[in-house]
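Based on the hints, put chains B and C in the right spot on chain A.
Now for the letters of each chain:
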Amino acid sequence: MNLPHLIDLDDLQVAQWEKLIMLAGEISKKPSDYFGRLSGKIMATLFYEPSTRTQMSFQTAMLRLGGEVIGFDNPQNSSVAKGESLKDTVKIMSGYADILVIRHPYEGSAKAASLYASCPVINAGDGGHLHPTQTLTDLVTLKQEKGRLTNLTIGLCGDLKNGRTVHSLLKAMVKFKGNRFVLISTEELRIPSYIRDILQANGCPFEEVFSLEEAIGELDVLYMTRIQKERFSSEEEYKRQNSIYTLDEKKLERAKLDMKIMHPLPRVDEIADAVDTDPRAIYFKQAAYGIYARMALILMLFDGSLPATAIPKPRTGGFSCLNLHCITQTEKYLPNLYKGSGDMLECEYCSQRILI
Amino acid sequence: MNLPHLIDLDDLQVAQWEKLIMLAGEISKKPSDYFGRLSGKIMATLFYEPSTRTQMSFQTAMLRLGGEVIGFDNPQNSSVAKGESLKDTVKIMSGYADILVIRHPYEGSAKAASLYASCPVINAGDGGHLHPTQTLTDLVTLKQEKGRLTNLTIGLCGDLKNGRTVHSLLKAMVKFKGNRFVLISTEELRIPSYIRDILQANGCPFEEVFSLEEAIGELDVLYMTRIQKERFSSEEEYKRQNSIYTLDEKKLERAKLDMKIMHPLPRVDEIADAVDTDPRAIYFKQAAYGIYARMALILMLFDGSLPATAIPKPRTGGFSCLNLHCITQTEKYLPNLYKGSGDMLECEYCSQRILI
Amino acid sequence: MNLPHLIDLDDLQVAQWEKLIMLAGEISKKPSDYFGRLSGKIMATLFYEPSTRTQMSFQTAMLRLGGEVIGFDNPQNSSVAKGESLKDTVKIMSGYADILVIRHPYEGSAKAASLYASCPVINAGDGGHLHPTQTLTDLVTLKQEKGRLTNLTIGLCGDLKNGRTVHSLLKAMVKFKGNRFVLISTEELRIPSYIRDILQANGCPFEEVFSLEEAIGELDVLYMTRIQKERFSSEEEYKRQNSIYTLDEKKLERAKLDMKIMHPLPRVDEIADAVDTDPRAIYFKQAAYGIYARMALILMLFDGSLPATAIPKPRTGGFSCLNLHCITQTEKYLPNLYKGSGDMLECEYCSQRILI
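Line order of the protein sequences matches chains A, B and C.
Heads up: the first sequence runs through residues 0 to 355, numbered per numbering that gives the first Met the number 0.
Heads up: the second sequence runs through residues 0 to 355, numbered per numbering that gives the first Met the number 0.
Heads up: the third sequence runs through residues 0 to 355, numbered per numbering that gives the first Met the number 0.
This is chain A alone, in the form it adopts within the complex (with noise of 0.2 Å):
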């Protein structure tokens, strides 16, 4: 069907964005203004890997909204024990709820659900592949505290090697003029070269530095994330690094009074408790510009400000995606669907790129 979904953020243009953007700033003024707008309506939250807060921020914004919610967030009690397809379950949904949000551990699946939906879809974590969502809710908040998106100096730190979060928000960010990124992290976390080449080829000045505690100076932003432990090569090397990606009150002295400290959340202990109750500290008001910016995208996806996704035509033969991690491997009767010519084939539901 020919319906709106929000799987991968890039499927909008940028104005849509900021209309998303716009509107989710107008909701945060006064949220209950918003109560009753999808009364009536259901949203299923289909959750094949359980994710509780996540969870929990689309039914918060479904319910601000005046809506209803149904779902799962353990497919082993529900009929995908049973052996169901992605499909059928999608489709049965479909015939439950007005709006459906899907977590799944495949890169793809939310991709491959849209596909047999008859009501939009809204990825919220396709395996390591996408969350838009969360990009939207950095968006919402860089705007609303910052007061713009563009010309700033945005700092990432932390595991940006690994860090979903944090590649989403580059590829959004040079989309706007004139910001310029500095990415702090280890030798062995530095952000992937895929990454670098989309900064180059978008003309984004950025740098790779070493130090939270030289680089914090210069920053508009400061986006931090979390280190798993298990990324060190020893306990003695996490313990040394630790303490260089950790932000506290002294390094804070070095940084801009109006710099703001951003992460995702959870943390551990990557922003020292005393962090907490300076005002640069907005990653527990982030936490609730998600609600805002969901129920913004939940609102366009149901009266119709958001364009129906284009559903890519399937090809015959010559493909067969290589991503171990892509639905495509466990869904066995999708459809073959993937973009580009001659060498180089992209994998529409996973986005794995191969060279024939």
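Honestly, the hints are just simulated from the structure, not real lab data.
Just so you know, nobody snuck in bad clues.
It does not matter which identical chain is used: a pair holds within one copy or between any two.
Here are the simulated DSBU-like pairs of lysine-lysine, each with C-alpha atoms no more than 35 Å apart in a straight line:
#1 K312 <-> K238
#2 K86 <-> K284
#3 K18 <-> K29
#4 K145 <-> K170
#5 K249 <-> K331
#6 K170 <-> K28
#7 K28 <-> K312
#8 K176 <-> K28
#9 K331 <-> K81
#10 K312 <-> K86
Computed from a predicted model, the values in this text were never measured in an experiment.
Chains B and C in isolation, oriented as in the chain A frame:
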């Protein structure tokens, strides 16, 4: 208390079935017209074994009527784990909610619950015994999609021995005139003899055949069911027979153009994926009719248009149910309820018959 | 923030208890009159240990007021499993919801949560420490069913040593005039000495007896509790004593005609099934009063008729709680809060007293 419940479809008159089916049909035309009818009412779903799909269908039905839902699906987390009796749980939940939906692995549990509830009880599956809202869903689907419940040639295919759904549907359809049944299965998975007895007692023509391919041409309705792999004697036997009972495009070529394909879902591979786009495939619609059937049922339980369920008088002595899956095995306080006289008695909870 | 919370019933004046009890009584007459009062408001139930019954009682109360509910009951699926602190979870959930209900295995956790919440917090059980809404439920039940909270002879029977419910009820009832207590238990399960001290300090007459049968005749109220099998020295001891403390029809013959039987539920076999139909048995009603008590509490937390809970000033040095079940053991950032002076200090979180 003297309350209407839905424990067994046979507790209602066929005229009442017809009212339910008609109301479900009305609701299916514009479900949103019914939103708000049960505003302020609460449904409690007491799921003593998880069945996410069934639980969600009831939740959806209640939410679409404007009501709210509480409940559990994992008795290990509840007071049940501390040794609370079914009676106590039901009495307490009756004080919380306005309608109870119970699913339980023991046969007769819903009947037992209805003895103690101070609000209507719906049976959402009591072991292998009854699942009346599935049967009601099938009747609503037949009525909506075939326009009638009479003079139909209905094929039932797959595991006819173990399928509670199939047995209930047959027992329901014998009450309507002019229906003929084609029972398609292997010798091992034949319909039980007590169902054949019912068909004969009601004067319903039926035949038992082996080949779906040969039978399909004469059917108005084909009701497919899942055959569990473990029902077969060997892996080879499974593979050989599975293809005989898989509905695919080739077999469909022999079917009437207005034959309808039903399935209680979830399916695994007994219907080929390619069949989904055939207009005769209505199994996903059937799932949606399940919502309307449940909405109709809930509405009629609340508005007084269904009669109070008769509570049989306890008898003393002489009988104790021998069915090891009967709820009377674990809930020892239950009154001694059976019907019949002379040599043949029937347990009022689980319907087990005992020859004295 | 300066907000009203319900952490400990003792944080409120008795006059405020009486307002709550009166409002709950009003609600019990026609609960549907209160539907819609909290339309658009969201409750978050943060259950760090599962307790389905308690969680459902709060959900029901909120839904009956027209509000909505989100929450978790299994921290393994939530950000807590990733190492998130109680503080962070509370700060984020405050941004989602309008009121928090917390249950946690550590003592003092609800107090700790209230320090960081930007909305009211209700304690739904913090380890073995407090469970104020259970006590409020008992007070509402007594007032509704006996007409007064004064001049009552109240028997408490069973495990008086370990029962948090019993301790809280006694501590509450000493505040009303003319009550007398009959404490019925084995020697091993006697009431703790600190409770006896409280009774004496408040000039409340009480006696400790062994036999339920002998004591029952003089009681206005009999509050039964569950004795866990593992509290007895042996299986024989359990069987012997169990019959002494089981309330059955025979023992009831000696009771006053207007005596009321209460029980916090779930029961196992300490009240015989046949007692349920005796008009003196009000334990299922008591469960329903729990809904009205919580509705009254939630309403009064929202409408400003309860005072902001005082936040004690942190002190420096000299004290760290020795209670291994105190929340300060695991949440190291918590400020150092204790009261008292001189030799005797008391932890503001878990109420543990320490002689310096």
